[in-house]
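Following the hints, put chain B in place on chain A, whose structure we already have.
So the sequences go chain by chain: A and B.
Anchor point for the first sequence: position 240 equals 314 in the working numbering, and the numbering is continuous, going up by one each time.
Anchor point for the second sequence: position 91 equals 165 in the working numbering, and the numbering is continuous, going up by one each time.
In case anyone wonders, no lab produced these hints; they're calculated from the structure.
Here the structure is a predicted model, which is why all the values come from computation and not from measurement.
Check before you lean on any hint, since a few could be wrong.
Since the list can't tell identical chains apart, any single copy or any two copies may satisfy a pair.
As a list, the in silico DMTMM-like pairs of lysine to aspartate or glutamate whose alpha-carbon atoms are at most 20 Å apart [unchecked claim]:
{"#": "1", "residue 1": "K261", "residue 2": "D228"}
{"#": "2", "residue 1": "K268", "residue 2": "E192"}
{"#": "3", "residue 1": "K327", "residue 2": "D130"}
{"#": "4", "residue 1": "K157", "residue 2": "D206"}
{"#": "5", "residue 1": "K157", "residue 2": "D265"}
{"#": "6", "residue 1": "K301", "residue 2": "D168"}
{"#": "7", "residue 1": "K327", "residue 2": "E297"}
The lines below spell out each chain.
Protein chains: 2
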Amino acid sequence: MNIVLLGSGNIATHLGRAFHGLGHRVLQVFSRNQVNAIALASLLESSPITALGDMDQTADLYILAVADHAIAHVAQQLPSSLKGIVVHCSGATDISLLSRFTAFGVIYPPQSMHKHSEVRIDQIPFGVEGNDAGTTALLLRLAQTLSSQAFLCDSRQRLALHTAAVFANNFTNALYGISYNILTAHKLSFDLLKPIIVDTALKIQHHLPHEVQTGPAVRGDYETIEKHLQFLSENPLWLKIYQQLTEEITRTKES
Amino acid sequence: MNIVLLGSGNIATHLGRAFHGLGHRVLQVFSRNQVNAIALASLLESSPITALGDMDQTADLYILAVADHAIAHVAQQLPSSLKGIVVHCSGATDISLLSRFTAFGVIYPPQSMHKHSEVRIDQIPFGVEGNDAGTTALLLRLAQTLSSQAFLCDSRQRLALHTAAVFANNFTNALYGISYNILTAHKLSFDLLKPIIVDTALKIQHHLPHEVQTGPAVRGDYETIEKHLQFLSENPLWLKIYQQLTEEITRTKES
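Only chain A is shown next, with the shape it has when bound in the complex (with noise of 0.2 Å):
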């Protein structure tokens, strides 16, 4: 296939690098910054392009990975006659915004892959979606090259994993920076907890989270949770989540 990777960054970069691995011509990377198109394309053996106007029109595949509010405005300056597919790689963002190309679906990593970091790029689910039958079929036969992990999802479903991702993810990081906090503030530090937290990430990759739940909420121990809502009198923002996260166990357990 021919490709034009429109994007410098973390996905581009991966993606690229992969596609290039498996035989495909990356014919053009664009990016406004110009030292990291070059740096790119030098990777992929391709040429470096800072303005869409010099935009190769032939490709089989444009692939949109910029960040996600750029996606929009980069799209509105693509010509709409292309022929090639036209794909982003957001969680957030409708296959719709796509809508005026010919062919155009989404290839989308639930996963944050950092530019210098190795990537097992084959291990990395991908979520595929295409505007029509044969285009769908064509990008998951695609994705499914690049990894075992792909799978069809639409953007309902591609919207339910990104949100279900920053609650896995980032809001377990979160959590993890409140304990931080509160044990610092103590003066103990925060090695006492690390074990338990990585035990807890490891016990639900055999167990359904509902299984493993433990603590003063699944207990039903009322005195301890009114003793930590006591210590926590002082932070209201954190008062709030512990008491909200405690309704979210008592009711799990309920149901």
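Below, chain B alone, put in the same frame as chain A:
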């Protein structure tokens, strides 16, 4: 040391085995449940008792390894004339609950230890507190024979540690549960997020949580946040949890 173990649950089992293994003598194991008392006592070459009236009053150490809510009740039934040190093992229970004894303290492991799982007790942190300098020093030396991770921890610190563990452990599991529910409601596999859940827990082993925070909140990506809030609008509790953890991440970023 001559030890009386009050309780036959998870902590009683692991502490009993560890002390027995170190050559201490567990004189008696108390449990209201005769089967449990006999089972643990036989493991520790000890005598089972089911009535506190039968308790040996000459021991050096009495370990109250019973459920949090039962500590006060059991402690109340022990003679205040005991010469040995009386300790409990609870994170959320003040040391003062034991103040009618001559010598008393706490040995608190901020980690769940299941009765039937192997536990590397020498790696478990033990927070130690005593009623006076002598008792504290003795309990700390004792805890250090159990584990390289023993440390001094007063009642206020212990409550901080216990509360922090609820955030880092119980509440992260509740977030995994929300993710699981969102995914299955949209016919997506929870397996999709298992790798990043482990990644997130591993990242904070070598970085501070706020250094590795990712997601729309820390990027200030309000457009994506708005989509997620819309998506969650049918579940007011998840919506509130989402809003407050987003606020926590935003505040941490600003401070």
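Using 20 Å as the alpha-carbon threshold, which applies to K327 and E297: within, between, both, or neither?
Classified as within: same-chain Cα gap 18 Å, cross-chain 34 Å, threshold 20 Å.
Since the copies are identical, ignore which copy is meant and state whether K327 and D130 lie within 20 Å (CA to CA) inside a copy, between copies, both or neither.
neither (57 Å within a copy, 41 Å between copies)
Could you place K157 and D265 in one of the four classes (within, between, both, neither) given a Cα distance threshold of 20 Å?
neither (55 Å within a copy, 36 Å between copies)
Check K301 against D168 for me: Cα-Cα at most 20 Å, and say if that holds within a copy, between copies, both or neither.
Between copies, since 10 Å is at most 20 Å while 45 Å is not.
My question is about K157 and D206: at a cut-off of 20 Å on alpha-carbon distance, are they close within one copy, between copies, both, or neither?
within (14 Å within a copy, 81 Å between copies)
How would you label the pair K268, E192 (within, between, both, or neither) given a Cα cut-off of 20 Å?
between (24 Å within a copy, 19 Å between copies)
Intra- versus inter-subunit Cα pairing at 20 Å for K261 with D228
between (48 Å within a copy, 11 Å between copies)
Comparing the model with each earlier hint shows violations of hints 3, 5; every other hint is respected.
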